[in-house]
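A.B. asks: Sequence:
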Amino acid sequence: MFFCTAFLALLPVLALAAPSVDVSARQDELQPCCFTLDNINKPTFITTGDGDFLDTQKWCFLNVKRDPTDPNNCSKAEAKISSGYCTQGDKGVVIDCPAE
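Residues -17 to -1, 1 to 83 (mature numbering (1 follows the signal peptide of the UniProt record, and there is no 0)) make up the sequence shown, in order.
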């Protein structure tokens, strides 16, 4: 009972407490990176970070892992096919992103 009363008494003070981390700091937005494959179909992958991305023809997924020390340098990203109708393990080749 005492614990509940003490907690309720401290609740307004806790609500006014300043955060210990500066919440105004934001991570810079990543630029898109675009990839294709060296095959006859030339699928285009438009990526916006790390993860699996479906190509514009909706045939296969490219798994992208950006370099954490230089995430906006597309040529430093590791990109390879993870699933779909493309050869698994094929590496993505950096291209200029198509105009939207």
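There could be a bad hint or two in this list.
Claimed, not checked - Lysine-lysine pairs mimicking BS3-like chemistry, simulated, CA-CA at most 30 Å apart:
no. : residue 1 : residue 2
1   : K48       : K63
2   : K59       : K74
3   : K63       : K41
4   : K41       : K74
5   : K25       : K41
6   : K63       : K25
7   : K59       : K41
To be verified - So the derived label-pair ranges between C-beta atoms look like this:
no. : residue 1 : residue 2 : range
8   : Q14       : K74       : 31 to 41 Å
9   : Q71       : D11       : 31 to 41 Å
10  : K25       : S58       : 10 to 20 Å
11  : T70       : E12       : 25 to 35 Å
12  : I23       : T52       : 29 to 39 Å
13  : W42       : C80       : 33 to 43 Å
14  : T52       : N24       : 25 to 35 Å
15  : P15       : K41       : 10 to 20 Å
If you're looking for bench data, these hints aren't it; they were derived computationally from the structure.
We put the CB at the ideal spot given by N, CA and C, even for glycine.
A.B. asks: Determine for every hint whether it applies to the structure shown.
C.D. replies: Verification of the hints:
At roughly 9 Å between alpha-carbon atoms, K48 and K63 fall within 30 Å of each other, so this suggested pair holds. Distance check on the hinted pair: K59 and K74 sit about 13 Å apart at the alpha-carbon level, within 30 Å; holds. Taken as a hint, the K63 and K41 pair is honoured in the structure, with Cα atoms around 16 Å apart against an allowance of 30 Å. Restraint check for K41 and K74: the C-alpha separation of about 17 Å stays at or below 30 Å, so the hint holds.
With a C-alpha separation of about 12 Å, the suggested pairing of K25 with K41 holds against the 30 Å cut-off. Restraint check for K63 and K25: the C-alpha separation of about 14 Å stays at or below 30 Å, so the hint holds. The straight-line distance between the Cα atoms of K59 and K41 is roughly 25 Å, inside the 30 Å bound, and the hint therefore holds. For the hinted restraint 31 to 41 Å between Q14 and K74, the CB-CB distance of approximately 20 Å leaves it violated.
The given range of 31 to 41 Å is respected by Q71 and D11, whose C-beta atoms sit roughly 33 Å from each other. Between K25 and S58 the CB atoms are about 19 Å apart, so this pair conforms to the stated range of 10 to 20 Å. Our hint of 25 to 35 Å for T70 and E12 holds, since their Cβ atoms are close to 32 Å apart. For I23 and T52, the hinted distance range of 29 to 39 Å is satisfied, since their beta carbons lie about 35 Å from each other.
The supplied range of 33 to 43 Å is broken by W42 and C80, whose beta-carbon atoms lie about 19 Å from each other. Range check, T52 to N24: about 33 Å between beta-carbon atoms, so the 25 to 35 Å window is met. Between P15 and K41 the beta carbon distance is about 18 Å. The supplied range of 10 to 20 Å therefore holds.
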